[in-house]
Each structure stands twice: as C-alpha cells, then as structure tokens.
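If you want the building blocks of each chain, they are given just below.
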Amino acid sequence: MAKNKTIFHGERGSIVGFFATGLPLVAVVIVLLFIVVIVGNFIITGSGYLSWEFLTDSPRNMNTEGGIFPAIYGTVLLVLIMTLAAVPVGTITALYLTEYAKRTSIFARVIRFAVNTLAGIPSIVFGLFGLGFFIQTVGSQIDAARYSAKMDDLRTVLAVSSSPLVAGKQATINDIKVFLQNNEFDWEAQLRELDAYPEGTVAAVNTDRVVEYLSGKKELEWGKPSLIWAALTLALLTLPVVIVSVEEALRTVPREIREASLALGATRWETIWRIVLPNCVPGILTGSILAVSRGAGEVAPILFTGAVYSLQELPSSLSDQFMHLGYHLYILATQSPDVDATRPLQYATTLVLLGLTLALNLTAIMLRSRLRKRKMV
Amino acid sequence: MQSEQPEPSNQPRPASDAEDQPVAARLVAAQHPPLTQKKRRIGERLIELGIYSVSATSIIFIFLIFLFVFREASPIFFGGADGGKKDTAVATAPATGPTTPPIISNTTADDTAELESEQYNPEAEALPTPQPTASNPPPATPQDDAERARKIVGEGYPILEHESPVNVSYLAYDNWQPNSEHPRYGIYPIIVGTLKTTIVAMLFAVPLAILAAMYTAFFAPKWIRETLKPAIELLAGIPSVVLGFFCLMTVASVVQTLFGLDFRLNSIVGGIGLGLAVIPIVYTICDDALRAVPGSLREASLAVGASEWQTAYRVMLPAATPGIFAAILLGIGRAFGETMIALMATGNAGTFSWSFTEPVRTFAATIGAEMGEVVFGSPHYQVLFFLGVLLFIFSFIINFITEFYVKERLIKKFRGA
Numbered sequence: 001m002a003k004n005k006t007i008f009h010g011e012r013g014s015i016v017g018f019f020a021t022g023l024p025l026v027a028v029v030i031v032l033l034f035i036v037v038i039v040g041n042f043i044i045t046g047s048g049y050l051s052w053e054f055l056t057d058s059p060r061n062m063n064t065e066g067g068i069f070p071a072i073y074g075t076v077l078l079v080l081i082m083t084l085a086a087v088p089v090g091t092i093t094a095l096y097l098t099e100y101a102k103r104t105s106i107f108a109r110v111i112r113f114a115v116n117t118l119a120g121i122p123s124i125v126f127g128l129f130g131l132g133f134f135i136q137t138v139g140s141q142i143d144a145a146r147y148s149a150k151m152d153d154l155r156t157v158l159a160v161s162s163s164p165l166v167a168g169k170q171a172t173i174n175d176i177k178v179f180l181q182n183n184e185f186d187w188e189a190q191l192r193e194l195d196a197y198p199e200g201t202v203a204a205v206n207t208d209r210v211v212e213y214l215s216g217k218k219e220l221e222w223g224k225p226s227l228i229w230a231a232l233t234l235a236l237l238t239l240p241v242v243i244v245s246v247e248e249a250l251r252t253v254p255r256e257i258r259e260a261s262l263a264l265g266a267t268r269w270e271t272i273w274r275i276v277l278p279n280c281v282p283g284i285l286t287g288s289i290l291a292v293s294r295g296a297g298e299v300a301p302i303l304f305t306g307a308v309y310s311l312q313e314l315p316s317s318l319s320d321q322f323m324h325l326g327y328h329l330y331i332l333a334t335q336s337p338d339v340d341a342t343r344p345l346q347y348a349t350t351l352v353l354l355g356l357t358l359a360l361n362l363t364a365i366m367l368r369s370r371l372r373k374r375k376m377v
Numbered sequence: 001m002q003s004e005q006p007e008p009s010n011q012p013r014p015a016s017d018a019e020d021q022p023v024a025a026r027l028v029a030a031q032h033p034p035l036t037q038k039k040r041r042i043g044e045r046l047i048e049l050g051i052y053s054v055s056a057t058s059i060i061f062i063f064l065i066f067l068f069v070f071r072e073a074s075p076i077f078f079g080g081a082d083g084g085k086k087d088t089a090v091a092t093a094p095a096t097g098p099t100t101p102p103i104i105s106n107t108t109a110d111d112t113a114e115l116e117s118e119q120y121n122p123e124a125e126a127l128p129t130p131q132p133t134a135s136n137p138p139p140a141t142p143q144d145d146a147e148r149a150r151k152i153v154g155e156g157y158p159i160l161e162h163e164s165p166v167n168v169s170y171l172a173y174d175n176w177q178p179n180s181e182h183p184r185y186g187i188y189p190i191i192v193g194t195l196k197t198t199i200v201a202m203l204f205a206v207p208l209a210i211l212a213a214m215y216t217a218f219f220a221p222k223w224i225r226e227t228l229k230p231a232i233e234l235l236a237g238i239p240s241v242v243l244g245f246f247c248l249m250t251v252a253s254v255v256q257t258l259f260g261l262d263f264r265l266n267s268i269v270g271g272i273g274l275g276l277a278v279i280p281i282v283y284t285i286c287d288d289a290l291r292a293v294p295g296s297l298r299e300a301s302l303a304v305g306a307s308e309w310q311t312a313y314r315v316m317l318p319a320a321t322p323g324i325f326a327a328i329l330l331g332i333g334r335a336f337g338e339t340m341i342a343l344m345a346t347g348n349a350g351t352f353s354w355s356f357t358e359p360v361r362t363f364a365a366t367i368g369a370e371m372g373e374v375v376f377g378s379p380h381y382q383v384l385f386f387l388g389v390l391l392f393i394f395s396f397i398i399n400f401i402t403e404f405y406v407k408e409r410l411i412k413k414f415r416g417a
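Residue numbers (the working numbering), protein chains in the order written: chain E, 1 to 377; chain Y, 1 to 417.
The set of hints was computed from the structure by calculation and includes no laboratory data.
For each residue, glycine too, the CB sits at the ideal point set by N, CA and C.
Hints may contain errors.
Said to hold, decoys possible - So these bits of chain E aren't anywhere near chain Y, every CB distance computed over 10 Å:
no., residue
1, ASN41
2, SER58
3, ASN61
4, GLY66
5, ILE81
6, LEU84
7, THR104
8, THR117
9, GLU248
10, ARG268
11, LEU285
12, ALA341
What the hints assert, rightly or not - Computed list of lysine-lysine pairs in PhoX-like fashion (alpha-carbon distance at most 25 Å, straight line):
no., chain 1, residue 1, chain 2, residue 2
13, Y, LYS222, Y, LYS412
14, Y, LYS222, E, LYS102
15, E, LYS373, Y, LYS222
16, Y, LYS412, E, LYS102
17, E, LYS373, Y, LYS229
18, E, LYS150, E, LYS177
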C-alpha cells in the first residue's frame, strides 16, 4: 500500500495510449483551474474592497453603503443554534448505527436509507418543509395556544369590577392605556394604535368588543419566519453530514479497545461513554465543522424561513429574524436597486463568505486526514 | 490507548442483583460471581432506549417532509377542498388593516366626524393605520404578504377572489405567468428548462469528473492523489450562492463573448454553474468506485497482454460501471434540485423554448424566487408546493435506485463474476 508508485503509468510509442493517459490529467487540470479561478478571482477583487469598517458596520442607505456586520452576526448565530441541534442528534444516530445496530438489523438499514435520502433532498425542499411544518404548523400552534390562554386571562381580568373597562361604563383613552400598561399582557401594538387618539376621548366600553378587538390583533411571534425555525431547518439539512463523519470516526476506534473494556466488566454504555467517545472527539469535531461550513453556505432553506435583507436591530431572541451573508449576497447581486453601484460590496461579501466556509473546510480536511492516519497505524 | 478503562469494573457488584435470577444461575453465579453476572441497570436500559428513539429522527423527518410538503400542495390534487377555506381567511385579512373598528365608540358627533375624516385621509398622520412595514420587517405575516402582493401588482390582482379552485389542469400551459391578471401556471417551460440546464450540467461535469477520478485512482502517484482529492472536494465546500455569483459575473460574460449570444443568462451559463456543483459529487463517488475494483482484475488483464491504459479503460472502468452510474444519478439529483445557482445564472424566463441559448427557469429556482412573495394558501402557493413535491419525489426515486439497485449489482459483480 505504501509504495510510492502509480498503478498505471503512461505508455510511449502509441498515440492512442498517449491520449488515453493524457486525458485524465487534462481533466484534473481543468477542474483545478476552475477552483483556482473562482477562489483567486474573489480573493483578488474582493480584498481590494475589504476593510475593518466593512466588517463592523451596518448596511446603510438601502444596502448600497456601509458594512455587513449584522449579516456576519446572523450567520454565526444561525450556525451555532443549528450545531446545537444537529450535532447531538447526529452523534447519537451514528452511535446507534456503529455500536448498537446488528449487521442484519432492518431498523438500521431503514435509518441508513433515510439518512441517504435526507442527504439527497434538494435544499429548497427543506425550505418548503421549514415553512410548512415549523412555521405554519408548530409555530402557529404555539402562537394559538399562547393567545387563547391570554384571552381567557383577559376575560377574567375584565370581569373584575374595579377595572375601568367594565361593560357599560364610560372610560377615557387614558383609562384604557393605563389598563393596557398595567397588566401582565403585552399590548404593545394596541398601545401604539391608541396613541393616535386625542387625549380626552371618551369611549363607551363593551367587554365583548374589547376582547374581540384585541384578539383580532393577533401578534405572530412563533408562527412567522424566525431564527429558530431557520436553524432547525438547516440542522435537518446538515444531519447527514454529521452522521457520516461521526460514523467514520467511530469506526477508527479499534475493536480491541472495546473488547478489552467489555471483558473487564464494563457495560456497553460505560464502554461507549468512557472509551469510545473520548477517542472520537476529533471525528465529532470534524463532523460539526463540516456541518457548520455547509450550513453557513446554504441559502435556499432560509430564503423563506427567517432571513431578511435589512434589520433595524440585531436579533436578540429566537423568534427574531436575521441577516445572512449568503442571502445578503444574493439580494445585493440580483435585487438591489442599483446592482452595479454595489459591486464592491458584493465582491467583499463573497470574499467573507468564501473565506469563512473554506477556512472551516480546510480545518475539517486536516482533522480528518490526521484521523485517517491514526487508522493506518 | 488511555489507561483508565479498568475503572468501571472495579466497582463492587450490588448484591441484590443475584436475587432475582433463577436458582441454577444463582448457583453458577456463586461459583464465578464476576463473569456470569449480568449487570442490570435501569439507567443503561433508558440510555439505550433514548439512543434508539433519537436515531429514528431521520426516518421521522423523511415522513414529515413528505407529509407537510404534500399537504400544502394537496388542494391541487383534491379539487381544493380546504383551499377555499384558506382563501377566505386570506381575503379578509387585509380588511382588518385600515378599517378595523376601534374598541372605543366616540360619544360626540364632532369627534366621530373628525376621526373618520382622518381615518380615510391618507395624508393625515394623526391616526396612523397599522403600518406593516414599520412595525414588522417585510416578510412577516400573511396580511403583510397580501398587502405586498397588492402593492406589487395593483388592486385588480385576482389572487384574493379566484372562484375556481386550482387543479392539475392549471398546469397544462406553455407559459408560467403567475402574476398576470389571468395567472397561468404552465409547468411545461419549467420542465423543459430544468431538463436543459441539467443536460448541459451533466455534459459539462460528468466527463471531467470521471476522467479526473480515473487520474487520481489509476494514474497519479500516491502523494499527488492525497493532495488532489481534498483539493477537488474543496469545490464542494464553495457555497452555491458564491458559485451562482461567479457564473453571473464571470462565466456569463465569457460565454456571451465566446458564442456571441443575445442573452447573458441562459441554460448554458446555468448549466456550467450547476456542473461546478455536480463535479465534486460525481468525482468522489467515481473515485471510490474505481478504487474498489479488485486488483486481481487488473493483474489478469495485464497478464493476458493488455497494455496499461487498455486495462484502465476497458477492464477497470467497465467493472466500476454500477458505481459510476450511481455517481451520475446523484449528480443529476443535485443539478435538478440546486437552487441558488439556477436562480442567479439562468435568467428565469417563464416561456417555452427548446433553444439552449435562451433564458430558462428551473423547478428549484421558481420556488426560491416566488415563495417569498406569495400569498399563503393561494393557488400560486399551492402550485409552488406542488413543484416541491415533484422535486422531493424525484430525489427520492434517484436515491432509491442508487441505494437498492446499484449497490446490489455492485456487490454481485465483485463477488460473483
């Protein structure tokens, strides 16, 4: 195996043989050339526009000026949450497949088939799923549950006679505002609306109408595109990456170590927890890095599960929307009001995104090659 | 490796364990306690159960993906039974905006008049109607989407008051014009567009990838192979949106000047972009397949007097056919479903044409471009989900073939023949 020789080498004296051995080399050179042109092009053009301000500023003036800090922040936050979801599930699945499943187990075969299928599903379908399942179903259910609870509580509060909003009473705008401010419900939108009325307006209050009105103003919190749903969608997309890497790492742990541990009386889980897992930490790390790199570059699944092209403030909760480097680039390159004016921004954004994903990829490749060398020993 | 493994076994066995075993076992256990006694721990059992259930996640989600993508598209198949319900919900939504009756009713006629005049005067700042753009970021609620759709295409937009529910016959048109006054969801141009870009992508990527795989598997010295493989796989690490941008800026210009085309973006540019995404997939699987061919085949071929390149092309390559077939299939799947490259580099024209030099539109790009703008539950929305269902089914079939047919043949070939 270790001999430094080719399996086949070129043949002299025959023209067909010359082309037959030369063509594969040409193909390799073409492919490498494409990589060099893509990466070199963006490094050379992009680095000219890159600056510290660009990395730390917010976009200004309809994304035509300023930096991309919110996009970097959003991307990092997104992949962090994604990793928290994908890595544990992926590691456990890999553990099952290598440590627990028998060779003939149908369950394991089905899991393998599912993982392969998951890896082959187009990323845009994940986006549709995120929209149809996470946002429209799970998120809406959470919102509905929260809201109906809120409405019930409101009715109880309104039923108390000391409230200024008892049916048949006359209440001023101020009374209503005070009521809305001084209970545990969040009536921000309603308060904003009431600000429009003149101070001394007097209103006749009807409990049913109040409840009806307030419930008509249902505020979506979870049933809309947001950080958590985008991250979970991406986690699903990167799950196969994690599973495959961790599985590969688990297989490099020698059988003998496992058998020695079992022979000494450790249970299966004790063996996994104390012997196998500590030995494949680099593999889990490789899987996470590959998943992060894949997740940071994917745009299609987050197109309609949470990414936006401009933000007033950085996302602070899981239900906020976020900016994303790849989405930002897509918007700048195709939907910007003045596409040509933002070329520098596009190139610089591309360079940042490319640098991020390639650096992660190289780290993973290095980690993995070290892992493979250990297997040989 | 580590010297700490004996530690768990040092723990004393709990004595109660022996009591619930059969007598014979207990007798044996008395003679050789540590070897025959099986540890029974509830914790261990629970952990195993947890691992089993978590590892079922991928299976569950495959089902959920199919279920939920299909559910949103289902009115197309079943005559819009619940489509009508959704539509009415959407139709009433915009009305709650400016004209919502306030909770208070004014006591004096003056006030009422003043309020109303303000309410229906768009210039007035005093009574702000709820502003979807100010309070929420743009793509937030169905109401906002309805508002936006109205703003984009004007008040006469029929998306809120269509009577006939969508069905499959809506798709049988030659043009894709979802936003016109009489929306057409013709699926033919999209099928042909996807076909064209996929063909270009495969013609571009497959020869390059297979030849490159042959080089690294057969002709390259070991150290070159060890560096080349990660280098080519680095192409897979480039985000598709970056590849799309590269095609939009560089490849489009090169192709246009090279062939003197009218359109900058067309199926050739898109196909090259998709090909760049496909190369690493086809390359990796081909390389693995070629290297899995048993060395005995090569030795036999050389022994009967074939030259080395003849052996490589006529013995080794045919022997790896099922693997290469799988690689091409998975490559087609990727080219078919890739979104961002197609979205940025194909031009997205919704008209029917067989010409390779005209702008085209693919399944994935259509979904990606229009789903953000669409009204929830509208026919357009359902049709887009229907395209998603087609994509899902297609990728599922491809995976099914590679998983069962190709692998079986590969195993048979190397074991039997």
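Verification of the hints:
The beta carbon of E/ASN41 is not kept farther than 10 Å from every beta carbon of chain Y, the shortest such distance being approximately 6 Å. Distance check on E/SER58: its Cβ is at least 15 Å (rounded) from any Cβ of chain Y, clearing the 10 Å threshold; non-interface status holds. Under the 10 Å C-beta cut-off, the non-interface status given to E/ASN61 relative to chain Y holds; the minimum distance is some 17 Å. Residue placement check: E/GLY66 keeps its beta carbon more than 10 Å from all beta carbons of chain Y (closest about 18 Å).
Consistency note on E/ILE81: stated as away from chain Y, and its beta-carbon is indeed over 10 Å from all of that chain's, at 17 Å minimum. Distance check on E/LEU84: its Cβ is at least 14 Å (rounded) from any Cβ of chain Y, clearing the 10 Å threshold; non-interface status holds. The beta carbon of E/THR104 is kept farther than 10 Å from every beta carbon of chain Y, the shortest such distance being approximately 15 Å. For E/THR117, the condition that its CB be more than 10 Å from all CB atoms of chain Y is violated, with the nearest at approximately 5 Å.
Every CB of chain Y is more than 10 Å from the CB of E/GLU248 (nearest about 13 Å), matching its label as outside the interface. The claim that E/ARG268 lies off the interface is violated: its Cβ sits roughly 7 Å from the closest Cβ of chain Y, which falls inside the 10 Å cut-off. Remark: the non-interface label on E/LEU285 is consistent with the geometry, its nearest Cβ contact in chain Y lying 16 Å away (cut-off 10 Å). In this structure E/ALA341 is separated from chain Y by more than 10 Å, as the shortest Cβ-Cβ distance comes to about 15 Å.
Proximity of Y/LYS222 to Y/LYS412 is assessed by CA-CA distance (about 29 Å); at most 25 Å being required, the pair is judged violated. The suggested pairing of Y/LYS222 with E/LYS102 is violated, with an alpha-carbon distance near 35 Å, which exceeds 25 Å. A C-alpha spacing of about 14 Å is found between E/LYS373 and Y/LYS222, which places the hinted pair at or below 25 Å, so the restraint holds. Taking the CA atoms of Y/LYS412 and E/LYS102, the gap is about 22 Å. The hint holds against a cut of 25 Å.
A hinted pair counts as satisfied when its Cα atoms are at most 25 Å apart, and E/LYS373 with Y/LYS229 qualifies at roughly 15 Å. Between E/LYS150 and E/LYS177, the direct Cα distance comes to roughly 18 Å. Compliance with the 25 Å bound is thereby established for this hinted pair.
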